[in-house]
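For the record, the sequence lines run as chains A and B. The opening residue of the first sequence carries number 1 in the numbering used here; numbering runs sequentially from there. The opening residue of the second sequence carries number 194 in the numbering used here; numbering runs sequentially from there.
Since the hints were made in silico from the structure, they are not lab data. Be careful, since some hints might not be right.
In the BS3-like style, the derived pairs of lysine-lysine whose C-alpha atoms are separated by at most 25 Å in a straight line are [unchecked claim]: (1) A:K83 to B:K246; (2) B:K227 to A:K67; (3) B:K302 to B:K240; (4) B:K227 to A:K91; (5) B:K309 to B:K250; (6) B:K227 to B:K302; (7) B:K309 to B:K240; (8) A:K67 to A:K167; (9) B:K302 to B:K246.
Partial chain A-side listing against chain B, Cβ under 7 Å, derived [claimed, not checked]: (10) L71; (11) A73; (12) L76; (13) L79; (14) L80; (15) V81; (16) L82; (17) F120.
Positions of the beta carbon are idealized from the N, C-alpha and C atoms, including for glycine.
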Amino acid sequence: MKNCKTIFILIFVTGTGNQVGQRTLHILHNSEYPASSFALLEVPVNAAASGAASNTNQSSTPAPTVKTVSLVADNLFDLLVLKMAPVYTSKKIKIEAKGPRFELGDFVVKLGSVVMSQNFKGILVEVEYRPCIMADACWDLLMEFVQGIFGHNAVSSVPRTLQPRMKEVYTPLDTMHQYMDQFSAFRKAAGIR
Amino acid sequence: MFMGQPELGDKNRPTMVRSVLDISVGSDIVEFLKELGCRREFDFITKGFIFRKGRLKIIVGKLYRSEAGKAPHELEPVSGSHYVEMSVVTPTGQDIVGEDMRNLAEQIKPLVNLDKVDHRRLP
C-alpha cells in the first residue's frame, strides 16, 4: 500500500449576464500532480438547427449541448479564481475521491471513496498502465487486467472523453476529464445540477 | 501574469502597490480566457532594456502597438520616447521595499523623474 491520493473538485457557477446560458467552472486537484490545478470550463452551445423544416410552422428549439474547455495551470490559479468571485460565484460543492494506491508491476491501481459534502457516494477504481503513453495501444491489456478483478461487471467501452484521443499521447488532463465525468454522474444521481 | 487594481489607501506609500499572480499555464490559455468571458482589449510589445539592482527591476523601453500580419521589426512605436518603469515583486506586507525604490528614484532624479501614477486620473 502506498500513499493515499486525493482528488478534489470545486464547482463554480457564473451568472448569465449577457452571455448565453450559465458557464460552470470546475477546479480539480490530483495528489499525483501536486503542483497543478486542472480547470474544466463547461460552456453551453446551442446545436445548429438542421437545414430543413422551413415548411412547417413549428419552430424547433435546438438542444443545448455543452462544450468543455480545459486548462492545466499551477496552484496559483485557485487564487485567480477567487479574484473572479464577483462573476463566478462558488457553489461550495466539493467532491473528493480518497483512498489507497497500489502498484503491481507496471500497473497502478488507485481506489477512491467518493465523498460529496461529507456524504459517501460510491467507489472509483482507477487503473493505470505506466509504460504506455497511448490509450489505443494498451486498451485491450487494461481491459484484461480489469476483467481479472471485476469479471463480467467490467465495462469495456471506451470512456466518452477518451474516445477522440485514443491515438494521441495520454496526458494527466485526460485522467481529470474521466474523473470529471464520474463526479458528474455522482452529482446527477444525487439530484444536484 | 495577473495584475490587480492599485490598492487603495496608499497615499502615504512612495510607490503604487498591486497584487500580482504569476501563473504557469498550458498552451491553450487564450481560448480558455475567451470562453471564461474575458475580452481581448489590446496587445502591445515593449522593446528595450531590463536593468536590475538587487531585487529592483528597471525597464527602459519603447512601446509598440501589435498589429496582425506585421513582423516585430515593422511595427511603428506608439511614441518616440522611452518609458522607465521600476518594479519589485515581493510578498504581501513588505512595504519597506518602497523606501529602496524611492532612494533609487532620488539618485536618478535629474535624468528621470520617477513618480507614482494614479491611473484613474489619466485621460
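Now for the hints, and whether the structure bears them out:
no. : hint             : result
1   : A:K83 to B:K246  : violated (31 Å)
2   : B:K227 to A:K67  : holds (13 Å)
3   : B:K302 to B:K240 : holds (23 Å)
4   : B:K227 to A:K91  : holds (22 Å)
5   : B:K309 to B:K250 : holds (16 Å)
6   : B:K227 to B:K302 : violated (42 Å)
7   : B:K309 to B:K240 : holds (22 Å)
8   : A:K67 to A:K167  : holds (21 Å)
9   : B:K302 to B:K246 : holds (16 Å)
10  : L71              : holds (4 Å)
11  : A73              : holds (4 Å)
12  : L76              : holds (5 Å)
13  : L79              : holds (6 Å)
14  : L80              : holds (5 Å)
15  : V81              : violated (10 Å)
16  : L82              : violated (10 Å)
17  : F120             : violated (33 Å)
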